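Asks: Taking the hints into account, I'd like the entire structure generated from these sequences.
There are 2 protein chains.
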Amino acid sequence: MKTQVLLENIQVSDLFESLSSAQKRLVLHVFSETLRALTSSFLRRGFTWLLPVVTSKATDPLWPDPVASIEARPELELYGERVRLTQSMILHKQLLVAAGYEKVFVLSPNVRVERRDRAKTGRHAYEFTQLDFEVKGAKREDIFRLVEGVLSEVVEHLEECCEKQLLELGAELEKFRAPFKVYRMKELEEKYGPDWETLASIESSEPFWVTDIPREFYDYEDLERGEWHNYDLILPEGYGEVLSGAEREWQYDKIAYKMRRDGVSMDSYRYYLELAKRGVLVPSAGAGIGVERLVLWLTKRSHIAEVQPFPRIPGIVTPL
Amino acid sequence: MKTQVLLENIQVSDLFESLSSAQKRLVLHVFSETLRALTSSFLRRGFTWLLPVVTSKATDPLWPDPVASIEARPELELYGERVRLTQSMILHKQLLVAAGYEKVFVLSPNVRVERRDRAKTGRHAYEFTQLDFEVKGAKREDIFRLVEGVLSEVVEHLEECCEKQLLELGAELEKFRAPFKVYRMKELEEKYGPDWETLASIESSEPFWVTDIPREFYDYEDLERGEWHNYDLILPEGYGEVLSGAEREWQYDKIAYKMRRDGVSMDSYRYYLELAKRGVLVPSAGAGIGVERLVLWLTKRSHIAEVQPFPRIPGIVTPL
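Those protein sequence lines, which keep their order, are chains A and B. Heads up, the first sequence is in numbering that gives the first Met the number 0, so the first residue is 0 and it goes up one at a time. Heads up, the second sequence is in numbering that gives the first Met the number 0, so the first residue is 0 and it goes up one at a time.
Heads up, some of the hints might be wrong.
Same chains, same label: a pair holds when it works inside one copy or across any pair of copies.
EDC-like mimics (lysine to aspartate or glutamate), calculated; alpha carbons at most 20 Å apart, straight line [what the hints assert, rightly or not]:
id, residue 1, residue 2
1, LYS276, ASP13
2, LYS135, GLU101
3, LYS135, GLU223
4, LYS119, ASP211
5, LYS56, GLU74
6, LYS56, ASP13
7, LYS253, ASP266
8, LYS56, GLU76
9, LYS135, GLU16
10, LYS253, ASP221
11, LYS276, GLU16
12, LYS102, GLU16
13, LYS56, GLU16
14, LYS185, ASP211
15, LYS253, GLU236
16, LYS174, GLU205
17, LYS119, GLU236
These are computed hints drawn from the structure, not numbers from a lab. Just so you know, these numbers come straight off a predicted model, no measurement behind them.
Replies: Now the structure itself:
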C-alpha cells in the first residue's frame with residue numbers, strides 16, 4: 000500500500016489497486032475476525048447490541064469546542080430541519096441506560112471533519128467506527144476490567160484464527176498483562192510535556208490507562224477533590240489513544256453548573272438537559288473503542304488508510 | 000408503543016417513554032439476538048465482515064430516478080467536495096468483489112429521505128440498516144439457498160434464546176419450508192395488479208421470492224430472453240419486501256448500452272464506468288437485507304418505529 004500516493008490524491012484505479020493488494024486482503028481478514036471477536040465478547044457479557052444513528056439533531060459537539068482539530072461540522076436538512084452527522088453517540092447512550100438498557104453497545108460510524116494536516120498522523124480519518132458501549136452503575140475500574148477482558152479475548156481469538164495472516168503481515172501479537180497500569184494525566188504531562196500521549200505511547204511496550212483528564216462537562220468530576228473520573232486507553236509503540244470514556248454526570252444542577260462554568264451552549268444540549276431536569280438520568284460509565292485504530296495496532300500498519308477498504312483520510316475525499 | 004403519537008411528533012419525553020416501555024425492551028432484545036445470529040451465520044459461511052461508509056461521492060441513486068418516493072438526496076460538503084449519504088453500498092460491493100473479496104458483507108446504515116406520506120406504511124424509515132452482501136460468481140439460485148439457510152438459522156437461534164420474549168410479544172415464529180416459492184413479477188402483476196407486493200404478501204403465509212423485475216441497469220439482464228436475473232424476498236402477512244438483490248452486470252459495453260437506453264446519467268456513475276471500462280469487474284450476485292424489516296416481522300410489530308430505538312419515521316425528525 001503506497002501511503003505516500005494516498006496522501007496526495009486517490010483515483011478509483013489507486014483505490015482498486017490498493018484493495019486488491021495481498022497486504023490489504025490480509026489486513027481486512029484480521030479486521031473481520033476482530034469484529035467477530037469484539038461483538039461476541041460484548042454479547043457474552045450480556046450486552047444488548049443496537050444499531051447506530053447516522054443523523055441527529057443532537058450529537059456530541061466534542062471538546063474543547065473552539066479547538067481547531069475539527070475543520071467543520073457539516074449539517075444537512077431533513078424534512079426542513081437541520082441535522083448533523085453523528086460525531087459520537089454519547090447522548091444516545093445515556094438515554095438508553097436511563098431507559099433501562101443496562102449494558103448496551105453500538106457499532107457507530109462517526110464523521111469528524113478532521114483538519115487536513117491530521118492526514119499525516121496516520122491515526123485520523125474523517126469517517127471511522129467506534130464500538131460505543133455504556134454500563135449502568137459502572138465505575139471507572141469496572142470499565143478497565145471489562146475492556147482488558149475483551150481485548151484479551153480478541154487477541155486470543157486472533158491467535159487461533161489468524162496466525163498465518165499476522166505472520167505474513169509481520170505483526171506479532173502483544174502479550175500484555177492485565178490489569179494495565181494506570182496513570183493520571185498530570186503525571187504524564189509533567190514527565191513528557193503537552194505531547195504526552197505520543198511520547199508515553201512510544202516508550203511503552205504495553206497498553207496503559209490514563210485518567211483524570213479535564214474535558215467535556217458530561218464526564219464525571221469530583222468537584223471537591225478536583226478529579227475527573229474519566230479515562231483513555233493508550234496503545235504502546237506510538238499507536239496512541241484507542242479508547243476514550245468516562246463515568247457520567249447525571250444530576251441536573253451539577254451539569255448546568257459545569258456547562259455555565261465551561262461556556263457550553265445550553266441550546267446544543269437542550270434534549271439532554273430536559274432529561275436531566277426531569278431526573279431520569281442515572282449514573283453509568285462507558286467508552287468508545289476506535290475499531291480501525293485497534294486493528295491498526297493489531298496488524299502493525301503505519302497508516303489508518305491501510306486498514307480501511309475505502310480510506311477516509313482528512314482532506315482527501317475518496318471516489319467511493 | 001403509541002405509534003399514533005409518534006406519527007405526529009416526537010418529543011424527547013415521548014422518546015424516553017417509548018424506549019422505557021416493556022415492549023420495546025423485549026423487541027430490542029430480539030433485535031440484538033437477530034444481529035448476533037445474522038452476523039454469525041454469514042461469518043460461518045466464510046464471509047468477510049467489513050465496515051460501512053457513511054458519505055460517498057458515488058452512491059446508488061436508486062431507481063427509477065424520477066420516481067417521487069425519495070423526497071431529496073441531501074448532499075454535504077467535505078473538504079470542498081460534494082458528497083452524499085450512503086443510500087446503498089452496491090457500487091462498493093462490486094468493487095470489493097472485483098478486488099478479490101469473494102464473499103463480503105457490511106452492516107450498512109442507509110439514509111433515504113422517503114416521502115412523508117410513507118410514514119403511514121409502517122415499513123419505511125429515513126434511516127435504516129441493510130446487511131449488504133455480495134458473492135463472486137454467484138447466481139440467483141445460490142443467493143436463494145444462502146438466504147434461506149441464514150433465515151432458518153436466525154429463527155432457530157431466536158427459538159433458543161428468545162422464547163420468553165417472543166411469547167410476551169405475542170409473536171409466534173414462522174415455521175417456513177425452504178426452498179421458498181419463486182414467482183416472476185409479471186405473474187404477480189397479472190394476478191394482483193400494480194400493488195402486487197402488498198397483496199401477495201398479505202395472502203401468503205410463507206416468505207417467497209419474486210424475480211425478473213425491470214429496474215437498475217446494474218442488475219443483470221438477459222437481453223435475448225428479455226429476462227432480469229434479480230429478485231426480492233417478500234415476507235408473508237403483509238410485511239412485504241425485506242431483501243432486494245440481483246446478479247450484476249460487469250461488461251462495459253452492455254452497461255453503457257443499458258445506461259443510454261434508460262437515460263441514466265453517466266456522470267453519476269463515472270467511477271463505476273471507469274472500472275468497467277478497464278475490464279476489472281466480475282460476475283457476482285448479492286442483496287441487501289433490511290434488518291429492521293426482518294425484526295418487524297419476527298416480533299410481529301405493526302410499525303418500524305417500534306423496532307428502532309431512535310425512530311426515523313419519514314417526515315418526523317427525532318430529537319436524538
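Asks: Pop the pair LYS135 and GLU16 into one bin, within, between, both or neither, using alpha-carbon distances up to 20 Å.
Replies: Answer is between; shortest inter-copy Cα gap is 18 Å, intra-copy 46 Å.
Asks: Using 20 Å as the alpha carbon limit, work out where LYS276 and GLU16 are close: within a copy, between copies, both or neither.
Replies: Classified as between: cross-chain Cα gap 15 Å, same-chain 54 Å, threshold 20 Å.
Asks: I want to check one pair: LYS253 and GLU236. Are their C-alpha atoms no more than 20 Å apart within a copy, between two copies, both, or neither?
Replies: neither (39 Å within a copy, 51 Å between copies)
Asks: If the cutoff is 20 Å on CA atoms, where do LYS119 and GLU236 land: within, between, both or neither? Let me know, please.
Replies: Within one copy, since 17 Å is at most 20 Å while 54 Å is not.
Asks: Evaluate LYS253 and ASP266 at a C-alpha cut-off of 20 Å and name the case that applies: within, between, both or neither.
Replies: within (17 Å within a copy, 54 Å between copies)
Asks: Quick one: LYS102 to GLU16, C-alpha cut-off 20 Å, is that within a copy, between copies, both, or neither?
Replies: Intra 41 Å, inter 18 Å, cutoff 20 Å: inter-copy only.
Asks: First find the shortest C-alpha distance between LYS119 and ASP211 inside one copy, then the shortest across copies, and answer within, between, both or neither for a cut-off of 20 Å.
Replies: Classified as neither; 28 Å inside a copy, 49 Å across copies.
Asks: Can you give me the call for LYS135 and GLU223, within, between, both or neither, at a CA distance of at most 20 Å?
Replies: Neither way: LYS135 and GLU223 sit 24 Å apart in one copy and 62 Å across, limit 20 Å.
Asks: Check LYS56 against GLU76 for me: Cα-Cα at most 20 Å, and say if that holds within a copy, between copies, both or neither.
Replies: both (10 Å within a copy, 18 Å between copies)
Asks: When no copy is specified for LYS253 and ASP221, does a C-alpha distance of 20 Å or less occur within a copy, between copies, both, or neither?
Replies: So LYS253 and ASP221 pass the 20 Å test inside one copy only (11 Å; across, 67 Å).
Asks: Tell me, please, which holds for LYS185 and ASP211 at an alpha-carbon limit of 20 Å: within, between, both or neither?
Replies: Classified as within: same-chain Cα gap 8 Å, cross-chain 66 Å, threshold 20 Å.
Asks: Using 20 Å as the alpha carbon limit, work out where LYS174 and GLU205 are close: within a copy, between copies, both or neither.
Replies: within (8 Å within a copy, 51 Å between copies)
The earlier numbered hints that this structure contradicts are 3, 4 and 15.
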